[in-house]
Amino acid sequence: MPTDRESVPPAVPPAPAAAPKKLRPTRISGTWVAVLVAIVVLTFLLVFILQNGDNATIHFLWGEFSLPLGVALLFAAIGGALLVAIVGAARILQLRRQAKRVTGRPSTSSPVRPVS
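Under numbering that gives the first Met the number 0, the residue at position 2 of the sequence shown is numbered 1, and the numbers go up by one with no gaps.
In case anyone wonders, no lab produced these hints; they're calculated from the structure.
Given the structure is predicted, the values throughout are model-derived calculations rather than measurements.
Fair warning: there could be bad hints in the mix.
[To be verified] When the alpha-carbon atoms are kept at most 25 Å apart in a straight line, the in silico SDA-like pairs for lysine to any residue are as follows:
hint : residue 1 : residue 2
1    : K20       : T30
2    : K21       : L35
3    : K99       : A89
4    : K21       : V34
5    : K99       : G87
6    : K21       : V32
7    : K99       : I85
8    : K20       : W31
9    : K99       : A84
10   : K21       : W31
11   : K99       : A88
12   : K20       : V32
13   : K99       : V86
14   : K21       : A33
Sequences are here, hints too, so could you generate the full structure?
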(Lines of atoms letter the chains of each structure in order from A and count residues from 1; the text may use other names and numbers.)
(Lines give C-alpha, C1' and ligand atoms only; values in the text may rest on other atoms or scores of the structure.)
Protein backbone atom coordinates (compact mmCIF):
# COMPACT_ATOMS: atom_id res chain seq x y z
CA MET A 1 0.00 0.00 0.00
CA PRO A 2 1.43 3.35 -1.01
CA THR A 3 1.75 5.94 1.62
CA ASP A 4 0.74 9.53 1.22
CA ARG A 5 4.34 10.57 0.81
CA GLU A 6 4.94 8.22 -2.08
CA SER A 7 1.95 9.43 -4.08
CA VAL A 8 2.86 13.11 -3.83
CA PRO A 9 5.26 14.18 -6.58
CA PRO A 10 8.45 15.81 -5.36
CA ALA A 11 8.29 19.57 -5.05
CA VAL A 12 9.90 21.45 -7.91
CA PRO A 13 12.38 24.02 -6.65
CA PRO A 14 11.31 27.56 -7.53
CA ALA A 15 13.06 29.10 -10.51
CA PRO A 16 15.77 31.54 -9.51
CA ALA A 17 14.67 35.13 -9.66
CA ALA A 18 15.90 36.90 -12.74
CA ALA A 19 18.89 39.07 -11.97
CA PRO A 20 18.02 42.75 -12.25
CA LYS A 21 19.36 44.30 -15.43
CA LYS A 22 22.51 46.26 -14.89
CA LEU A 23 22.17 49.80 -16.15
CA ARG A 24 24.81 50.90 -18.60
CA PRO A 25 26.54 54.18 -17.85
CA THR A 26 25.49 57.00 -20.12
CA ARG A 27 27.51 59.80 -21.64
CA ILE A 28 25.90 62.28 -19.31
CA SER A 29 26.90 60.26 -16.24
CA GLY A 30 30.47 60.16 -17.56
CA THR A 31 30.34 63.91 -18.06
CA TRP A 32 29.18 64.44 -14.49
CA VAL A 33 32.06 62.35 -13.18
CA ALA A 34 34.49 64.37 -15.30
CA VAL A 35 33.00 67.65 -14.03
CA LEU A 36 33.32 66.54 -10.40
CA VAL A 37 36.93 65.44 -10.92
CA ALA A 38 37.68 68.78 -12.62
CA ILE A 39 36.18 70.70 -9.70
CA VAL A 40 38.37 68.80 -7.22
CA VAL A 41 41.51 69.31 -9.32
CA LEU A 42 40.81 73.02 -9.81
CA THR A 43 40.19 73.45 -6.08
CA PHE A 44 43.58 71.90 -5.29
CA LEU A 45 45.18 74.06 -7.99
CA LEU A 46 43.66 77.22 -6.53
CA VAL A 47 44.89 76.31 -3.03
CA PHE A 48 48.36 75.61 -4.46
CA ILE A 49 48.50 78.99 -6.22
CA LEU A 50 47.26 80.87 -3.16
CA GLN A 51 49.80 79.16 -0.87
CA ASN A 52 52.71 79.86 -3.24
CA GLY A 53 52.30 83.59 -3.62
CA ASP A 54 55.96 84.53 -3.11
CA ASN A 55 57.47 86.29 -6.10
CA ALA A 56 59.90 84.37 -8.28
CA THR A 57 62.14 85.91 -10.92
CA ILE A 58 61.96 84.05 -14.23
CA HIS A 59 64.81 84.43 -16.75
CA PHE A 60 63.75 83.36 -20.24
CA LEU A 61 65.89 84.12 -23.29
CA TRP A 62 66.61 87.84 -23.03
CA GLY A 63 63.72 88.67 -20.72
CA GLU A 64 63.34 88.78 -16.98
CA PHE A 65 59.93 88.44 -15.36
CA SER A 66 58.72 88.51 -11.80
CA LEU A 67 55.63 86.36 -11.10
CA PRO A 68 54.15 84.65 -8.08
CA LEU A 69 55.66 81.17 -7.83
CA GLY A 70 52.30 79.37 -8.12
CA VAL A 71 51.40 81.28 -11.29
CA ALA A 72 54.84 80.61 -12.81
CA LEU A 73 54.48 76.88 -12.15
CA LEU A 74 50.96 76.94 -13.57
CA PHE A 75 52.25 78.54 -16.78
CA ALA A 76 55.00 75.91 -16.97
CA ALA A 77 52.44 73.11 -16.60
CA ILE A 78 50.21 74.65 -19.28
CA GLY A 79 53.20 74.96 -21.62
CA GLY A 80 54.11 71.31 -21.04
CA ALA A 81 50.52 70.18 -21.66
CA LEU A 82 50.39 72.18 -24.90
CA LEU A 83 53.66 70.64 -26.05
CA VAL A 84 52.34 67.12 -25.37
CA ALA A 85 49.06 67.93 -27.16
CA ILE A 86 50.90 69.24 -30.25
CA VAL A 87 53.12 66.16 -30.45
CA GLY A 88 50.09 63.87 -29.94
CA ALA A 89 48.08 65.66 -32.64
CA ALA A 90 51.01 65.39 -35.07
CA ARG A 91 51.24 61.65 -34.39
CA ILE A 92 47.50 61.16 -34.94
CA LEU A 93 47.68 63.03 -38.25
CA GLN A 94 50.66 60.93 -39.28
CA LEU A 95 48.78 57.69 -38.53
CA ARG A 96 45.69 58.89 -40.41
CA ARG A 97 47.76 59.70 -43.49
CA GLN A 98 49.41 56.30 -43.31
CA ALA A 99 46.04 54.54 -42.98
CA LYS A 100 44.71 56.55 -45.91
CA ARG A 101 47.63 55.42 -48.10
CA VAL A 102 47.24 51.76 -47.12
CA THR A 103 43.48 51.51 -47.59
CA GLY A 104 43.15 54.01 -50.42
CA ARG A 105 40.23 55.77 -48.73
CA PRO A 106 39.95 58.40 -46.03
CA SER A 107 39.95 57.08 -42.51
CA THR A 108 36.86 58.02 -40.54
CA SER A 109 35.61 57.04 -37.13
CA SER A 110 32.13 56.28 -38.44
CA PRO A 111 31.32 53.29 -40.64
CA VAL A 112 30.79 53.87 -44.34
CA ARG A 113 27.09 53.96 -45.22
CA PRO A 114 25.98 52.39 -48.47
CA VAL A 115 24.63 54.80 -51.05
CA SER A 116 20.97 54.12 -51.83
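Structure versus earlier hints, numbers of those that do not hold, lowest first: Violated hints: none at all, because every hint is consistent with the structure.
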